[in-house]
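Engineer: Residue strings, one per chain:
Number of protein chains: 2
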Amino acid sequence: MSADLATLVTAIAVRARAAALVLATTPTAQKDAALLALARLLPAAEATLLAANALDLAAARAASLPAAQIDRLTLTPARLVHLAESVAQVAALPDPVGEPLESTTRPNGIVIRKLRVPLGVIGIIYEARPNVTIDCAVLCLKSGNASILRGGKEIFHTNTALAALVQQALAETGLPADAVQLIPTTDRAALNHLLTLDSLISCIIPRGGESLIRFVAEHSTIPVIKHYTGVCFVYVDKAADPAMAEAIILNAKTQRPGVCNTAEQLLVHAGIAPSILPRLAAALCAKGVQLRCDPAALALLASTPGLKTSAATEADFRAEFLDLILAVRIVPDLESAIAIINRDSSAHTDAIITADQTAARRFQAAVDSAVVPWNASTRFNDGFEFGFGAEIGISTDRLHARGPMGLRELCTYKYLIDGTGQIRA
Amino acid sequence: MSADLATLVTAIAVRARAAALVLATTPTAQKDAALLALARLLPAAEATLLAANALDLAAARAASLPAAQIDRLTLTPARLVHLAESVAQVAALPDPVGEPLESTTRPNGIVIRKLRVPLGVIGIIYEARPNVTIDCAVLCLKSGNASILRGGKEIFHTNTALAALVQQALAETGLPADAVQLIPTTDRAALNHLLTLDSLISCIIPRGGESLIRFVAEHSTIPVIKHYTGVCFVYVDKAADPAMAEAIILNAKTQRPGVCNTAEQLLVHAGIAPSILPRLAAALCAKGVQLRCDPAALALLASTPGLKTSAATEADFRAEFLDLILAVRIVPDLESAIAIINRDSSAHTDAIITADQTAARRFQAAVDSAVVPWNASTRFNDGFEFGFGAEIGISTDRLHARGPMGLRELCTYKYLIDGTGQIRA
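For the protein sequence lines, the chains are V and E, in the order given.
The first sequence: position 75 = 75 (this note's numbering), numbered continuously.
The second sequence: position 282 = 1282 (this note's numbering), numbered continuously.
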């Protein structure tokens, strides 16, 4: 890498750190004013933004990117209005900064208070979606963090225009424009350098596919909060209600098959499988789901006509298909289901369907996953569904943040001690 | 590295993960019984432990290790009794596992509960102190975590005997002995392999000097919670009470100069420096403290006889001396003190001494450090002083745990969702 590039990236991080110190004590009203200014500017700057976006779209077409990907790159007037609405919604959320978490008075009289405070500078590394630029900048700002954004090259002109607009909103409300900065190059060397600046940047959040996340996790000396996709299970217990099981599995598998909280694996208790599995299979197949079955499930379904079933491979039982495919196994009992899930799932979201509360509580206690629904769809592992008002992603890590990450999860804490001259004996 | 060594270390981690799943739902009484069994075994196994320790001490003497280091390696009957007492104290602490953190009922009727749960498998990498073996094993066990211990080679025989004793206590109470395992080699290659097992180990905590921590942080793909030492500041505000300032600074600098929460840097408001600094300097020098001063402080102290003062270098103003040395600067005002601390401190513990509550609150809000005492010694950043009952260290990280780490900071959380058949629309 050229020394110039390293100098450029380091200077961005130094300015971000200075801005973060300002943001840490910025009143809520001022942060919200900046967000509302941005919400006004987004539709108002339509012409500029669409012109920048047109450059990216022309390049995307010239490079023959797939239509679905070009669609994700595309800004439209309607999408700008929607983006502005989401910014205004974040402005309306409670400010997590300064929230008192705990307080204790010690025998020597010192009072120790634990308060929520911003993480500092957050680096967001993402692929080619313009809404991520705004979403992440806005969530970081509301939670008092400075952000450094590094988006994909396919959306570089659009991101540059969007970041300029965020900086305009910051400046208009008297906040440091350096609170949101875009790395002004998509040179991979700049990213590699950014990932070493652990004295200036508190945290890196990669948003995108697994290969992007792995690259960032391997190269970063800064803590990374990872958002891998999920290998999510639904276990149909012996005491499951068949209609409820059918509704939940259909929802978990087919409502949005390409996302991380979709079900990929079905376990059915052997005591209920003969009566329930043909029904579940028929309903799933009617929705276009292909079933990859263990021998016992395959045998059970052999007599049901018209099903799209096949024998599963070992790899299928750990697969995240992100498609209309479901792996199916028959298990002898609850404990087997728990053991399989703790071995084969990605510990993201694993659900039990049962009318037996004892079984449900045992399952919820023993399954070592971020979210464990009982008689509810796996699709509820989501910041909006949790009532967070917004989310920056769903953490698959165990440290700091697990499951949906909202504004509070973009914060750390500090302790204030109030004394009257106390010293240690 | 030999394939055998990698196989050995991986097998340890696989067994630790299996034990962690058992520990995650082990009742408090059973964990406490194992701890109390260990507390009984420690003095009872005195002969075995001292014999193992004698091997390490003989090697240490043969290698001409410094006397202070040999002292740290040494087990004595009295130290074993003390160690047993500390184990019993941890047994008496509240169990953090299962603690309800939050609960919410969503408009669709699902109930979401957030509970504290163990992190899983924790790797402890430490230097040559036998009490760390017991302390860490015990804190991990109480918090429901399996631990993998990798201590320094100077204490290998002692650690092996101590780990065997812990495993005996586990087995006697029906818990998996694999819940606490020692890496049975001090080959650095085994450590390097351990640090790559991110699918089995949740977290690495290095306990020791800065070079050990940096090595672990650089080589680990597992999240590391770092415990660096501190560059801690005391700021004497214009409105400080002189007697209180003297008492706090003496305590913060001289009570235990070699630890992370000792004061290394003194800032004095220019408005009070002429009256207070000669008094503070005289008191510090009477305790053997050497002062490294900026030109203004040096000039102020020039007329005071008998002081050990010298001109500070730039490096002194960011130094952690861990010795009876204090860097001293005069600052024009509160905001300058805040800016200097946010630039030069290690964000560990930075205190203000003042009778002015407005100044104190501004300082506490704006200083971006883990612990910010007002009119209290920096030495209070400590798990015992915070009332945690025990600590595994003082985190200098911002993610997950910041400041003193007790049992709760060795946990993560999970969400349980209770539904009645809800699906996402």
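Mixed in with the good hints there might be a few duds.
[As the list claims (entries may be wrong)] For lysine-lysine, the following DSSO-like pairs were computed, each having C-alpha atoms within a straight-line distance of at most 30 Å:
| hint | chain 1 | residue 1 | chain 2 | residue 2 |
| --- | --- | --- | --- | --- |
| 1 | V | Lys153 | V | Lys114 |
| 2 | E | Lys1114 | E | Lys1226 |
| 3 | E | Lys1114 | V | Lys226 |
| 4 | E | Lys1226 | V | Lys238 |
| 5 | E | Lys1226 | V | Lys114 |
| 6 | V | Lys114 | E | Lys1238 |
| 7 | V | Lys114 | E | Lys1114 |
Hints in this document: simulated from the structure, not taken from any laboratory.
Engineer: Taking the numbered hints from earlier one at a time, note which ones the structure violates and give those numbers from smallest to largest.
Structural biologist: As far as the earlier hints go, 1 and 4 are violated by this structure, in ascending order.
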